[in-house]
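Engineer: As a plain string of letters, each chain reads:
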Amino acid sequence: MKAAVALLAALAFAALPLMTSSNYIIGVGISALIFTVAAAALNLIYGFTGLLSFAQLGFWGIGGYVTALTVVTFGGNFWWGVLWAALINAVVALAIGYPTLRTNRHAFVIMTLTFALLVTLIARDWVDLTRGPLGIPNLPRPSAFGYHFATTGQYYWVAWAFSVAMLAFLYALCSSRIGRTLVAIKQNEPLVRAQGIAPMPYKLSAFAISAAVTGAAGGVFTFHLGIIDPLFLDFYYMQTFLIIVIIGGAGSFWGVIAAGIALSALPEALRFSADFRMIIYGVILVVAMFVMPTGVAGWLRERQLARMREQLR
Amino acid sequence: MTVDAVYLLQLTLNGITLGLIYALIAVGLSLIFGVMEIINFAHGELLMLGAFAMTFALPVMGLLYWPSLAVAILAIMLVGLVIYEVLLARLRPDEFERSILITLGLSIIIIHVMQYFFTATPRLVDTQYGFEGVSIGSIRITWTRIIGAAAAAAAFGGLYLVLRHTQFGRAMRAIAQNREAALMVGIRPRVVARNAVVLAAGLCGLAGAAISPIQLVTPYMGQFLIFKAFALVIIGGLGNIPGAIVAAIALGLIESWIGGFYEIIWQEAAVFVIMIAVLFVRPDGLFKRGGMRVG
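So the sequences go chain by chain: A and B. Each residue of the first sequence is one higher than the one before, starting from 1 at the first, in our numbering. Each residue of the second sequence is one higher than the one before, starting from 314 at the first, in our numbering.
It should be emphasised that the hints constitute simulated quantities derived from the structure, not laboratory data. All figures in this text were calculated on a predicted structure; none of them were measured in a lab. Where a beta carbon is used, it is the ideal one built from N, C-alpha and C, also for glycine. Be aware that one or more of the hints could be misleading.
Restraint-style ranges between C-beta atoms, simulated for each label pair [what the hints assert, rightly or not]:
| hint | chain 1 | residue 1 | chain 2 | residue 2 | range |
| --- | --- | --- | --- | --- | --- |
| 1 | A | M292 | B | I454 | 46 to 54 angstroms |
| 2 | B | N491 | A | F74 | 51 to 59 angstroms |
| 3 | B | L496 | A | L266 | 41 to 49 angstroms |
| 4 | B | R436 | A | R102 | 37 to 45 angstroms |
| 5 | B | F537 | A | F74 | 27 to 35 angstroms |
All chains should be modelled from the sequences, with the hints used to inform the complete structure.
Structural biologist: In structure tokens:
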């Protein structure tokens, strides 16, 4: 049932460029798909494993820059760029994850935050590599098997195929034994240790996978924008991923997917000015943390539990 | 490479000023963490509000430095009180992630509301001292820098005395060291937490007001500083106040020296590299935390 609904939704999304010729709407569609993937990756590390990572923003930016530089500076093609983005991010995540995860979760949060800022500063100040605030414009759209994804409508298929593949992968991971172990680590780490499972490799791999997926998503998104500059590391992106995960319900795979689609489309539909949108995002974040700390999915689950208790009485 | 002694001394003095400002922010964060076990993400925005309060107070006070400084600090303490009563008082001590997300939302609201009303145009702040300064040999330091550094140093002295020798401060340390025992002897955690937040906000207001004549004032000025303050709190050991001060002044010096001789990117990356190195060697920070220490 769930699989059928997911398949139908995926196919309906695939048909978007056939239904409209408006580049604006298709652009919103691409954002919705990519943001949902990035939010699902954050959900893996925060929702399932219980580690709040702000480094996602850094991975997103590294992914974007690696993909763009592979094509423009190192003469590779887009597909290799995305692959490199995933690989490099996984290695970076292992390198910063190992010392940080040995400490407590407080240090992890702060460390990932500082990492995100560091990437922003490198993007801005390492002018020889990243061209600084000017950025790298005119990124060429990719082609495969002689087909050139030139227009926004054609590039939408790339974003779609990428998102479906990544979400399927993340779903398989989260619903497997590994996913259950991650949830167990979040809920009670000493108990996991007592069961003879070492938490560290699980946490590290969840962090690395989450980084790789976020980086690849950043790479795909860069080529939709056609330009990369330090604004690609604006805190706005991190904010969006976080709000999607929190409203959807941290730890709920489908809740986050639904929230990703809905929340990416909503601000576009309402068309606020940039400042006003951020204020509203901030208010949503604060209010949601007080009113609905487990998100829509958690709220629904609580209601279901309450009804079951009522019946048993 | 020959190192010019005068240049080096100039860098050192700038580094100390910078370090003292970092320390004001990091100490506030450490204080709040010690008492409530939460991180205040909006701390950088308190600094920014302090700087803005200074820019508005100065013209009203006829450019007089000290009254404006006092107004700015009081205003930010009031903001801290409101933030505590409205948001932070509802948090339990173990809700670390929730505290981060709530104060993150708050920080975004403050930044963008300020930008909406006062635009992102950087403001230059003029005081009664202007850009005058003292010259020692061929070194020149402006009065605003000297006073900023002195005020910060005085604030640390005051903080030490308050935490060490008043009932108000002892209660804070008691809560930080052993929550249950403190409850048993009749200390109210809510009151203590409120005092800690207001005190931390006051230090941050002082930092903002002191920095405003030195740097350009923009709605984003708090963001870059707060990231460094976070790193400092980790390096010094979470909740360890002298650790945070030592780490902050050391970082100010290191950044200033690196900035004087190498490219800017190394200056910005220094704090991160140091933090990673410290975490490798001592996962609990350079100075291990045993409750909240003041000396």
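Engineer: Hint by hint, note whether the structure agrees.
Structural biologist: Hint check results:
Checking the proposed 46 to 54 angstroms range against M292 (chain A) and I454 (chain B) shows it holds: the Cβ atoms sit about 53 angstroms from each other. As the Cβ distance of N491 (chain B) to F74 (chain A) is approximately 57 angstroms, the hint placing it in 51 to 59 angstroms holds. Under the hint 41 to 49 angstroms, the C-beta atoms of L496 (chain B) and L266 (chain A), about 45 angstroms apart, fit the expected range. Here the CB-CB span from R436 (chain B) to R102 (chain A) is close to 44 angstroms, well matched to the stated 37 to 45 angstroms.
Taken as a hint, the range 27 to 35 angstroms holds for the pair F537 (chain B) and F74 (chain A), whose Cβ atoms sit roughly 31 angstroms apart.
Figure legend: structure checked against the earlier numbered hints; every hint is met.
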